[in-house]
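Undergrad: Please arrange chain B on chain A, whose structure you already have, making use of the hints.
Protein chains: 2
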Amino acid sequence: MKKFLAEIDVMPKKEILDPQGKAVTGSMKNLGLAEIQNVRIGKHVSLEIEAESTEAASEKVDQACKSLLANLIMESYTFKLEEVA
Amino acid sequence: MKKFLAEIDVMPKKEILDPQGKAVTGSMKNLGLAEIQNVRIGKHVSLEIEAESTEAASEKVDQACKSLLANLIMESYTFKLEEVA
Chain A
7 MKKFLAEIDV MPKKEILDPQ GKAVTGSMKN LGLAEIQNVR IGKHVSLEIE AESTEAASEK
67 VDQACKSLLA NLIMESYTFK LEEVA
Chain B
7 MKKFLAEIDV MPKKEILDPQ GKAVTGSMKN LGLAEIQNVR IGKHVSLEIE AESTEAASEK
67 VDQACKSLLA NLIMESYTFK LEEVA
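Residue numbers (our numbering), protein chains in the order written: chain A, 7 to 91; chain B, 7 to 91.
Only chain A is shown next, with the shape it has when bound in the complex:
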């Protein structure tokens, strides 16, 4: 069994309004950071996974995202897998 580290980003879909991001975009102006625009806020999940291969690990992470970590109606996810010693 090999051990992998997965770094997952779960973000609100582009078509979906992101009120938290909108609020933060507004606050940037008050902080003197008006150059910052289009803030969008989602989740970042890191986890460790044991699997025989990168493919098997990738499949398990996909399954975890679909069944628990992301709400696919409103969110989309991307992830990176890295083998650790």
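Simulated from the structure, these hints should not be mistaken for laboratory data.
Incorrect hints may have been included.
You can't tell identical chains apart in this list, so a pair holds if it fits in one copy or across any two.
Below, simulated BS3-like cross-link-like pairs (lysine-lysine); rule was C-alpha separation at most 30 angstroms, straight line [stated by the list, open to error]:
hint : residue 1 : residue 2
1    : Lys28     : Lys86
2    : Lys8      : Lys28
3    : Lys35     : Lys19
4    : Lys49     : Lys20
5    : Lys20     : Lys9
6    : Lys35     : Lys86
7    : Lys9      : Lys72
8    : Lys8      : Lys72
9    : Lys72     : Lys20
10   : Lys35     : Lys8
11   : Lys49     : Lys9
12   : Lys49     : Lys72
13   : Lys8      : Lys20
14   : Lys72     : Lys28
15   : Lys28     : Lys9
16   : Lys19     : Lys8
17   : Lys8      : Lys49
TA: What follows is chain B alone, placed relative to chain A:
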């Protein structure tokens, strides 16, 4: 002025208990994904920024993280900057 896209990860520090991550680690077992361990959950922020150079953009993003996006007592952040057309 150039336009940059920043992708920021804000994660709870290693020494800090992450109850949300702990709860999700437990749920993985119930979903038949016991190979998944050590789930930690933080925020992912994407934003656009206008600046003269990568260095200037990086400084602004640092400032935004320190003053608004991350609570440095409990969280640490990393980010990547990419120039967009």
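Undergrad: Hint by hint, say whether it matches the structure.
TA: Evaluation of the provided hints:
For the homomeric pair Lys28 and Lys86, the shortest alpha-carbon distances inside one copy (27 angstroms) and between copies (21 angstroms) are both at most 30 angstroms. In the homo-oligomer, the alpha carbons of Lys8 and Lys28 lie at most 30 angstroms apart only across protomers (22 angstroms), although the nearest pairing inside one protomer, at 41 angstroms, exceeds that limit. In the homo-oligomer, the alpha carbons of Lys35 and Lys19 lie at most 30 angstroms apart both inside one protomer (24 angstroms) and across protomers (28 angstroms), since each shortest distance falls under that limit. Proximity of Lys49 and Lys20 under a CA criterion of 30 angstroms is satisfied in both settings, with 15 angstroms inside one chain copy and 17 angstroms between copies.
Taking identical chains as interchangeable, the C-alpha atoms of Lys20 and Lys9 lie at most 30 angstroms apart only when they sit on different chains, with a minimum of 19 angstroms there against 33 angstroms within one chain. In this homomeric assembly, Lys35 and Lys86 come within 30 angstroms of each other (Cα to Cα) only across copies, at 22 angstroms, whereas the closest approach inside a single copy is 33 angstroms. Within a single copy, Lys9 and Lys72 get their C-alpha atoms as close as 21 angstroms, which meets the 30 angstroms cut-off; across copies the closest is 33 angstroms, which misses it. In this assembly of identical chains, Lys8 and Lys72 lie within 30 angstroms of each other by CA distance solely inside one copy; the values are 23 angstroms within and 37 angstroms between copies.
For the identical chains of this complex, Lys72 and Lys20 are neighbours both inside a copy (18 angstroms) and across copies (26 angstroms), given an alpha-carbon limit of 30 angstroms. Within a single copy, Lys35 and Lys8 get their C-alpha atoms only as close as 47 angstroms, which misses the 30 angstroms cut-off; across copies the closest is 19 angstroms, which meets it. Taking the shortest alpha-carbon separations for Lys49 and Lys9, both the intra-copy value of 23 angstroms and the inter-copy value of 24 angstroms come in at or below 30 angstroms. For the identical chains of this complex, Lys49 and Lys72 are neighbours both inside a copy (14 angstroms) and across copies (18 angstroms), given an alpha-carbon limit of 30 angstroms.
Taking the shortest Cα distances, Lys8 and Lys20 sit within 30 angstroms of each other only across copies (23 angstroms), while inside one copy they are farther apart (35 angstroms). Proximity of Lys72 and Lys28 under a CA criterion of 30 angstroms is satisfied in both settings, with 26 angstroms inside one chain copy and 19 angstroms between copies. Within a single copy, Lys28 and Lys9 get their C-alpha atoms only as close as 38 angstroms, which misses the 30 angstroms cut-off; across copies the closest is 19 angstroms, which meets it. Only between protomers do Lys19 and Lys8 lie at most 30 angstroms apart by alpha-carbon distance; the minimum there is 26 angstroms, versus 33 angstroms within a single protomer.
Proximity of Lys8 to Lys49 under the C-alpha cut-off of 30 angstroms is found in both arrangements, the shortest distances being 26 angstroms within a copy and 27 angstroms between copies.
Checked against the numbered hints above, the structure violates none of them.
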